Amino acid sequence: MSVETGAIVERFETSLAELDVAVTRTRPTAFESTLEEVVREPAVGTPLPFESISLPAWVDVRPTPATLESAATGVTAASFGIADYGSVVLPSTPEGAEQVSLFSELHVPVLRERDLVADVPTAIDRLGPRLRDGESAIVATGPSATADMGALVRGAHGPEAVHVILLEDGEVSDGE
Amino acid sequence: MSEAREEKAASIRHLLETEGDAVAENTQGFNQGRYESVAELEEYEALKDEARAIKEDAIERLPELIDELTETVEANGGTVYLADDAADANRYVREVAAEKEADCLVKSKSMTSEELEVNEALEADGVEVIETDLGEWVLQVAEEAPSHLIAPAIHKSREEIARLFNAQFDPDEPLETAEELTTFAREWLGEHIRDADVGMTGANFITADSGTIVLVTSEGNARKTAVVPDTHVAVAGVEKIVPSVEDVAPFVELIGRSGTGQDITSYVSFLTPPVESPVVDFDEPDVPFDERDDDREFHLVLIDNGRLAMREDEHLRETLYCIRCSACANSCANFQSVGGHAFGGETYTGGIATGWEAGVYGYDSAAEFNDLCTGCSRCVNQCPVKIDIPWINTVVRDRLNREGDDGQFEFVYDELVPDEEPGGVDLQKRLFGNFETLAKLGSATAPLSNWLATLGPVRRGLERVVGVDAGRPLPSFERETLRDWFERRGGHAASRERAAEPRAGRGGHAASKERGDREVVLYPDVYTNYVDVARGKAAVRVLEALGVDVHVPAVPESGRAPLSQGMVATADERASGVYAALAEHLDAGRDVVVIEPSDLAMLHREYERFLPDASYERLRENSYEALEYVYGLLENGADPDALRTGDEEIAYHSHCQQRTLGLAPYTRSVLEHCGYDVVESDVECCGMAGSFGYKSEYYELSMDVGERLADQFTAPETKDRVVVATGTSCGDQLDDLLRRDSRHPLEVLDPATPAY
Ligand code: SF4
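Taken in sequence, the protein lines are chains P and L. Anchor point for the first sequence: position 88 equals 88 in our numbering, and the numbering is continuous, going up by one each time. Just add 1000 to wherever you are in the second sequence, counting from 1, and you've got our numbering.
Don't read these hints as lab results, they were simulated from the structure. Some clues are possibly wrong.
Claimed, not checked - From the structure, some residues in chain P lie toward chain L, with a derived Cβ separation under 10 angstroms:
(1) A97
(2) A140
(3) T146
Keep in mind that this is a model prediction, so the values were computed, not measured. We put the beta carbon where it would ideally sit given N, CA and C, even for glycine.
Required output: the full structure, derived from the provided sequences and hints.
Structure below.
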């Protein structure tokens, strides 16, 4: 890991700590066991576009409206993360990544360290070409929340908790 | 009080009682959060400049961007409809709903849809419309209107919401906590989102290059609304269009901070519809998403409804840069007390509502609440797109003045008030707008005028005819004006001699030459010259003690008084008069020192609109707030021991305009430099705001705002401190509220002042 990546990872983790959002760093080889610790079952997910890892069988990667509604956890890939804010950028996909990241109590975004960017302008610069290609994405920062009922409550229409899994770069080859 | 004023006072009183507490707590929380959040943002000022430039460019190129966006959305597979007005937009939306045979439409929060009253239009067709934003839903259940741009139910406490839900839905276990209420709402609304045929959202930004709808939210309801049903309708004013995705970047960092004080909201959705996400169809609950082959529909309804005309209006155009973040409302002392049900029109709330309402609904709608902007300018630095919100309020007030035509008492009044305004200006506004004339007369006839002003029948008459509240002590005029006093003691020649002494003490002629041998023009603002002469005398003595000789020439009123009443032409005329009176002094290299911050703010802000650029720049560069000037003298080696130093404990309230100009720290620094112990207030405004607190219909509101300041100065650690205030009206308000005398900082520093 280069010094620069190290600083960005640290910044990202600090931002998440300020948001009270959990993050677990893991090597790709330990991904499944990490996931097991983090996830509450039943879990739904959408396929991860990273080469050396995939979701284990106990995560349902072909959710339906019914399983989506009853799932306790949704696991999806994040395209990149924004260190300054502790945000993850979630692509919308035909498999339903938008819904999977939104309906369950717990959302587990999986993000590669190398996909962290420092700040918002860099993130938006990366989004530009994708959106012009017709894609959609959500910049998500922490769980859903509302203060409309007289006090701050986590978990309004979306997840009440987010737990980021940060994949260490190691020898993982680029999946793209 | 006249009937109309009594009515207004009564409605404000009612809101102060019923909604004031919840509004105050929430807006002050947002306001504090914003200060903290932007303080951490290193590039805050640069981001605001960038945001402003993007909006200026977008509005400039709007017709072209509408075309580009239309092409992009259509190429993506969506439809664009440009609606002339609300009825046109609603007709289109109803057609979409009818075509889909929709029974239920779910909505995420959108002020633009409130402007359209699209709910009512759809409901008339038998379509059930459900607001899914929790705050909006509370209001839908309560059948009330939003009172805030981003937190629509800000006027409701948790207890009220619980009572409302328990009465309306009769749950098995009565709801009580915010968690219980939220869970209940999520489940109830979740059922409806599941069954909805159409989802409607607004848009915070729309990018012309990609056709992306950007939604800034925290609850997640907008995300569900847009992707669960197969049909998405987005309604948005044309001003929401920005050229490209990259242009959204500064707003992502500014909008949450400016609104609730969150660094960023939970979700910033960049949806490029029709989106790739599968429809969540509960009629086919077991079909996996990846097997679906959805044919999504997307309709973008762009709303003109007066906006393209606003774009052509030199003064209202700026309104279109507004991103509706609510910072101007949260930082407004009056708004913090009454909220948007008083400080708002048909749809929009807070200071900028004047621009929106005037542009969208017309001037009558803005007339209802426009007076609540006192021009204190506290919102100006808070606006992420740097809109001069007080100016928009002033212009609209001016236009309203010109509409009115009651002509009562004009025969007497035109003599008494030699302004540039048409007959329609209401008496109360003309009275306050022409305070200089009144002050001259009052001073010339003092003490008779002061005695008259205390008489019951006179006060009742004033209250009835012009609406000057009888509860307010009126300013007491001095027979000897500051200028009279200054001339009596020998004018500038004598001042020169007095100032030479401290200079000599510091090493004679050579030292003074080195320091440029400063000469100063002390601006005799109307209050200082006729009413609060003591602080003017203190200013002269302080400057002389620091080795600066003083001129006090005749200079007209700055135009602040007429401007605050919306009398723009009169203010413009005054600006020229002030410049003419000062030009020779500027030529002679003299600095202009101003005591009253609201007058200095005229020179530094509003004169830009009234004077040629070169004159404006010249005056601005050479004019200073009095304590700012003293600070500079001390920095350059003047001897603080020549002033009245001490270790008294001071409770200091700086003036709103002074803070906006960034000048408050100088006073504190000078006082501390001279040994005083200073505690500062942190309220946005004292509530008096020039003439505002004298107006009978606003007297109670003014006192309510003032209470927040009074609370800070009656706390155990401040209650025995000497009260010091820079603004005249702040001083009056503090005198009224605290029943302890307040002083100007110059009086504290005046070597002639005895120990307190
Ligand atoms: S005028 Fe400025 S501060 Fe007020 S809501 Fe609009 S963008 Fe925000």
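Against chain L, with CB atoms and a cut of 10 angstroms, does the hint on A140 of chain P hold up?
holds (6 angstroms)
Was the hint right that T146 of chain P lines chain L, CB cutoff 10 angstroms?
holds (5 angstroms)
Is the shortest C-beta separation between A97 of chain P and chain L less than 10 angstroms?
Hint on A97 of chain P: holds, closest Cβ of chain L at ~8 angstroms, below 10 angstroms.
This entry satisfies every hint, going by the numbered hints stated previously.
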